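Chain A is fixed; fit chain B onto it per the hints.
Listed below, chain by chain, are the residues.
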Amino acid sequence: DTGVSQDPRHKITKRGQNVTFRCDPISEHNRLYWYRQTLGQGPEFLTYFQNEAQLEKSRLLSDRFSAERPKGSFSTLEIQRTEQGDSAMYLCASSLRIGSQETQYFGPGTRLLVL
Amino acid sequence: LAKTTQPISMDSYEGQEVNITCSHNNIATNDYITWYQQFPSQGPRFIIQGYKTKVTNEVASLFIPADRKSSTLSLPRVSLSDTAVYYCLVGDRGGNTPLVFGKGTRLSVIA
Chain A
1071 DTGVSQDPRH
1081 KITKRGQNVT
1091 FRCDPISEHN
1101 RLYWYRQTLG
1111 QGPEFLTYFQ
1121 NEAQLEKSRL
1131 LSDRFSAERP
1141 KGSFSTLEIQ
1151 RTEQGDSAMY
1161 LCASSLRIGS
1171 QETQYFGPGT
1181 RLLVL
Chain B
6 LAKTTQPISM
16 DSYEGQEVNI
26 TCSHNNIATN
36 DYITWYQQFP
46 SQGPRFIIQG
56 YKTKVTNEVA
66 SLFIPADRKS
76 STLSLPRVSL
86 SDTAVYYCLV
96 GDRGGNTPLV
106 FGKGTRLSVI
116 A
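So the protein sequences, as listed, match chains A and B. Adding 1070 to a residue's 1-based position in the first sequence gives its number in the numbering used here. Adding 5 to a residue's 1-based position in the second sequence gives its number in the numbering used here.
With the rest of the complex left out, here is chain A:
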């Protein structure tokens, strides 16, 4: 257990529905990342926050995806109008950047299945 938690661990939804995932990072960590991982592939970066500011978004993050980190603590990732291609493991990672050093710690992930 790295100290990063994600909820829910599994989600099954029908195409067209909206889903929201939550990530609780390690408490003192100022950076929070979202990744997506499909079967047989490594995780792919989606977006990240430093405190409450969203600093970077990947081209993978279509306009159906939105992420927030309102108070610089937990974060949510919402997918609107889900498509079957959204089926994947969604991973959250947090880190504490001190000077030039940073190590990301990952949560267990939320596995999404869109029917």
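Derived Cβ-Cβ restraints for the label pairs, each shown as a range:
1. B:Ala33 <-> A:Arg1129: 18 to 24 Å
2. A:Glu1153 <-> B:Lys8: 26 to 32 Å
3. B:Tyr18 <-> A:Gly1155: 38 to 44 Å
4. A:Ser1143 <-> B:Ala71: 42 to 48 Å
If you want the footprint, here are the derived chain A segments under chain B, 3+ residues with CB under 8 Å:
5. 1104 to 1114
6. 1173 to 1179
Just so you know, the hints here were simulated from the structure itself, not pulled from any lab data. Model, not experiment: these values are computed from the prediction. We treat Cβ as the ideally placed atom computed from N, Cα and C, and that holds for glycine.
Showing chain B alone in chain A's frame:
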């Protein structure tokens, strides 16, 4: 971002030392080399990170030659529980770029 190349898979017997080599020919001066381990249905777990020469911790050793164009993760005396996917990543340790994962190396440890 420096791209990495690793073997797709490796097999080993329990108790053996396993060495997984990663090529990163375009590594930049500021880049560090980081290895993660991932078990099925879990998030990746940080194993080790280094810049040059050798780094050792309680889990593994990381060997980096002088030209830094490759690195080798060494797992001493593997057990069945070391069966996992191992990812080699190269990037600015300062976090100026997000982690870029390849497909990793699937290590299977056999009894």
